[in-house]
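Chains A and B are the protein sequences, given in the same order.
Heads up, the first sequence is in my numbering, so the first residue is 32 and it goes up one at a time.
Heads up, the second sequence is in my numbering, so the first residue is 32 and it goes up one at a time.
Since the list can't tell identical chains apart, any single copy or any two copies may satisfy a pair.
Here are the computed lysine-lysine pairs in the BS3-like style, where the Cα-Cα straight-line distance is at most 27 angstroms:
1) Lys-110 x Lys-37
2) Lys-85 x Lys-110
3) Lys-37 x Lys-91
4) Lys-85 x Lys-108
5) Lys-100 x Lys-64
6) Lys-64 x Lys-110
7) Lys-91 x Lys-137
8) Lys-133 x Lys-108
9) Lys-64 x Lys-108
10) Lys-133 x Lys-85
11) Lys-91 x Lys-64
12) Lys-108 x Lys-37
Source of the hints: derived by calculation from the structure; they are not laboratory data.
Protein chains: 2
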Amino acid sequence: MDRNEKALYEAKAAVLKALGHPTRLWMAEQLAKGERCVCEFVREIDADFSTVSKHLLILKQAGIVEDEKRGLNVYYKLKVPCILNSMNCVEAVLASQLQSQKDLMK
Amino acid sequence: MDRNEKALYEAKAAVLKALGHPTRLWMAEQLAKGERCVCEFVREIDADFSTVSKHLLILKQAGIVEDEKRGLNVYYKLKVPCILNSMNCVEAVLASQLQSQKDLMK
DNA sequence: GTCGTATTTGGTAAAATAGCCAAATAGTAT
DNA sequence: ATACTATTTGGCTATTTTACCAAATACGAC
Chain A
32 MDRNEKALYE AKAAVLKALG HPTRLWMAEQ LAKGERCVCE FVREIDADFS
82 TVSKHLLILK QAGIVEDEKR GLNVYYKLKV PCILNSMNCV EAVLASQLQS
132 QKDLMK
Chain B
32 MDRNEKALYE AKAAVLKALG HPTRLWMAEQ LAKGERCVCE FVREIDADFS
82 TVSKHLLILK QAGIVEDEKR GLNVYYKLKV PCILNSMNCV EAVLASQLQS
132 QKDLMK
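With the sequences and hints as input, model every part of the structure.
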């Protein structure tokens, strides 16, 4: 792993890491349905306004979402929607975990 | 977000989180080419044997890899290979980041 | 059995993360 | 201007993560 390769994997891992939190992942998937402002998320999530805002900042810094201020509200939307394609396989991992558990029961 | 949905997102985020570390992501991608034992990874990564072993444990607990002991060695391989399909989009995010930086330069 | 190699486990310290609160900022309305 | 709402920022603490070292374990060779 040379210097360039290391930097590449750090960058790629940072994207996955940003999605590696339940609240952030949920918000990203919600944004697949369309943009939302911070206050809408706050209403649906049992967390402080500042916590939600910081999670969105992390997604933004990872390049996954972008924001736009309109009036009093800041609207977030997916910048690279294909991110959620990956979820099919993540669910396949979960299914595989379930299968392994079943096998243990036998 | 009800109780079940919350559990689902925690499970999905855990998978992404496991891949959200440069060393682990690199190892997972290497395994796409075929199985490897821990000592092979140790030779290629500048990290302690125990560090590498623990990273592999995290991938295993996430359901991404599985291990098999043969003689003195423990061989790891991808359990759900599609995981790496997701990487195309992660790279698209990186490309989008680059584009945004270029736009700033203008 | 002992020896040597591969791997995991336990402990520990430093760094990163998460979430809350309070304060600051930005924008709208009156 | 003041008042009100939406959002971000700074500060703080508790928790988690990371990576190293040393010790324990597992296995094959002799």
